[in-house]
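Peer 1: Input sequences plus hints: build the corresponding full structure.
Protein sequences appear in the order of chains A and S.
Residue 408 in the numbering used here sits at position 14 of the first sequence, and the numbers go up by one each step.
Residue 175 in the numbering used here sits at position 87 of the second sequence, and the numbers go up by one each step.
Coverage of chain S stretches by chain A, computed from C-beta distances (three or more under 8 Å per stretch; other residues unrestricted): (1) 129–137; (2) 184–197.
Here are the simulated distance ranges between beta carbons: (3) 402(A) <-> 104(S): 36 to 46 Å; (4) 168(S) <-> 489(A): 22 to 32 Å; (5) 128(S) <-> 432(A): 13 to 23 Å; (6) 128(S) <-> 408(A): 24 to 34 Å; (7) 471(A) <-> 104(S): 43 to 53 Å.
Hints in this document: simulated from the structure, not taken from any laboratory.
On a predicted model such as this, the values are computed, not experimentally measured, just so you know.
Glycine included, C-beta positions come from ideal geometry on N, C-alpha and C.
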Amino acid sequence: NAGVTQTPKFQVLKTGQSMTLQCAQDMNHEYMSWYRQDPGMGLRLIHYSVGAGITDQGEVPNGYNVSRSTTEDFPLRLLSAAPSQTSVYFCASSGGLGLEMVNEQFFGPGTRLTVL
Amino acid sequence: KNEVEQSPQNLTAQEGEFITINCSYSVGISALHWLQQHPGGGIVSLFMLSSGKKKHGRLIATINIQEKHSSLHITASHPRDSAVYICAVRSGSARQLTFGSGTQLTVLP
Numbered sequence: 395n396a397g398v399t400q401t402p403k404f405q406v407l408k409t410g411q412s413m414t415l416q417c418a419q420d421m422n423h424e425y426m427s428w429y430r431q432d433p434g435m436g437l438r439l440i441h442y443s444v445g446a447g448i449t450d451q452g453e454v455p456n457g458y459n460v461s462r463s464t465t466e467d468f469p470l471r472l473l474s475a476a477p478s479q480t481s482v483y484f485c486a487s488s489g490g491l492g493l494e495m496v497n498e499q500f501f502g503p504g505t506r507l508t509v510l
Numbered sequence: 089k090n091e092v093e094q095s096p097q098n099l100t101a102q103e104g105e106f107i108t109i110n111c112s113y114s115v116g117i118s119a120l121h122w123l124q125q126h127p128g129g130g131i132v133s134l135f136m137l138s139s140g141k142k143k144h145g146r147l148i149a150t151i152n153i154q155e156k157h158s159s160l161h162i163t164a165s166h167p168r169d170s171a172v173y174i175c176a177v178r179s180g181s182a183r184q185l186t187f188g189s190g191t192q193l194t195v196l197p
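Peer 2: Structure, rendered in structure tokens:
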């Protein structure tokens, strides 16, 4: 299994540009999420999904869109990049739903994004 | 919102020392995770706890639900243990995690 994969690893954008960060997992996990990590702060949840066709907002959703057309893929779209979106982005997945509440999270390697 | 506080923020130790990293949280939880972030940036899950104690090799994690506190211990520390250690909690039936800001551990040879 490849686990959770993310592309690209590094990206530089200009203010106002749009782009999509890709995330895929091959573990048949229902739950997927996107986090951003900024210096001195804990990871913060941007958006998450509990299954194909179902997404919801996390703590810091503004400026980002997500979709979940398949179980495997969970892309994150930056609509109009801003310098405040300079960060490291992590995708994560975990399995099990319902009564199985305690699940290990698997993280992708991260995407380091700089917005000029 | 569940606040998660870790201490210390930075920790430098000599090889072989016993290390403790602490995590406190403000409201009830269903699970607590300890994660390790390598210098290259990758994050791996070390432990997932809802009660008691877990051990894996030189790592031990404990949790006291009543005191809303968890500790991560590293015995016989080694330079390869140098990393950021992150505590995260899950509240109730929610799948989302709330993260602490991490503890940067440096183990010197």
